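Heads up, the sequence shown is in the UniProt record's numbering, so the first residue is 1 and it goes up one at a time.
Careful: at least some of the hints might be erroneous.
What follows is a set of in silico ranges between Cβ atoms, one per label pair, in the way DEER data are often shown [what the hints assert, rightly or not]:
#	residue 1	residue 2	range
1	Leu89	Leu58	12 to 20 Å
2	Asn32	Leu77	48 to 56 Å
3	Lys44	Thr79	32 to 40 Å
4	Pro78	Ala43	45 to 53 Å
5	Tyr38	Gln83	30 to 38 Å
6	Ile85	Tyr57	17 to 25 Å
Straight-line Cα separation of at most 30 Å, DSS-like style, residue types lysine-lysine; simulated pairs [what the hints assert, rightly or not]:
#	residue 1	residue 2
7	Lys48	Lys81
8	Lys68	Lys91
9	Lys81	Lys52
10	Lys60	Lys44
11	Lys60	Lys41
12	Lys81	Lys45
13	Lys81	Lys91
14	Lys60	Lys45
15	Lys44	Lys81
If you are wondering where the hints come from, they were derived from the structure by calculation, not from laboratory data.
Remember, predicted model here, so these are calculated numbers, not experimental data.
C-beta: ideal position from N, C-alpha, C; glycine also.
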Amino acid sequence: MATATVTAASTLSWLHSFGATQNETTKVADKNRVFVVYAQKKAKKTRKIILKEDVEYLGKKGQLLDVKAGYFRNYLLPTGKAQIITSSLLKCV
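All chains, full assembly: derive it from the sequences and hints.
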């Protein structure tokens with residue numbers, strides 16, 4: 001019994017040196033908890049866009065397209081060649 005007390009005391013002092021509180025030490029000692037991870041649905045990877053100017057191998061000005069999100073974010077948006085379709089844009093077209 002004395003050995004267990006010394007071990008617990010040394011463990012507590014070790015945890016306190018790293019800033020652990022008494023509540024955190026009880027969480028560390030509890031090994032009966034089970035964590036369950038559920039798979040999440042993948043995010044939509046395409047964007048509906050309207051072209052502001054002709055883009056070679058893609059389409060002509062004013063055309064409505066579905067493109068990959070990365071292509072829109074990394075090329076079309078920074079160069080100003082397209083924008084995402086909104087309901088107000090659809091009413092104007």
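message: Verify the CB-CB distance for Leu89 and Leu58 against the hinted window 12 to 20 Å.
response: Since Leu89 and Leu58 have Cβ atoms about 18 Å apart, the given range 12 to 20 Å holds.
message: 30 to 38 Å was suggested as the range; check whether the CB atoms of Tyr38 and Gln83 agree with it.
response: This hint holds: roughly 35 Å between Cβ atoms.
message: Does Lys81 sit within 30 Å of Lys44, going by the straight-line distance between their CA atoms?
response: holds, 22 Å
- request: Mind checking the hinted window 17 to 25 Å against the Cβ distance between Ile85 and Tyr57?
  value: At 20 Å between Cβs, range holds.
- request: Given the hint of 45 to 53 Å, check if Pro78 and Ala43 actually sit that far apart at their C-beta atoms.
  value: violated, 21 Å
field: C-beta pair Asn32, Leu77: status relative to the range 48 to 56 Å that was hinted
entry: holds, 50 Å
Lys68 paired with Lys91 [C-alpha distance capped at 30 Å]: holds, 24 Å
Agreement of Lys60 and Lys44 with the hint, judged by alpha carbon distance not exceeding 30 Å: holds, 25 Å
task: Below or equal to 30 Å on CA atoms is what counts here, so check Lys81 against Lys52.
output: Cα-Cα ~5 Å, so holds.
- request: Measure nothing beyond the straight line between the CA atoms of Lys81 and Lys91; if it is 30 Å or shorter, mark the hint as holding.
  value: Roughly 20 Å between the alpha carbons, so the hint for Lys81 and Lys91 holds.
- request: For Lys44 and Thr79, compare the CB-CB distance with the range 32 to 40 Å and indicate the outcome.
  value: Since the Cβ atoms of Lys44 and Thr79 sit about 23 Å apart, the hinted range of 32 to 40 Å is violated.
Pair hint Lys60 and Lys41, alpha-carbon separation not exceeding 30 Å: violated, 34 Å
Of the numbered hints listed earlier, those contradicted by the structure are 3, 4, 11.
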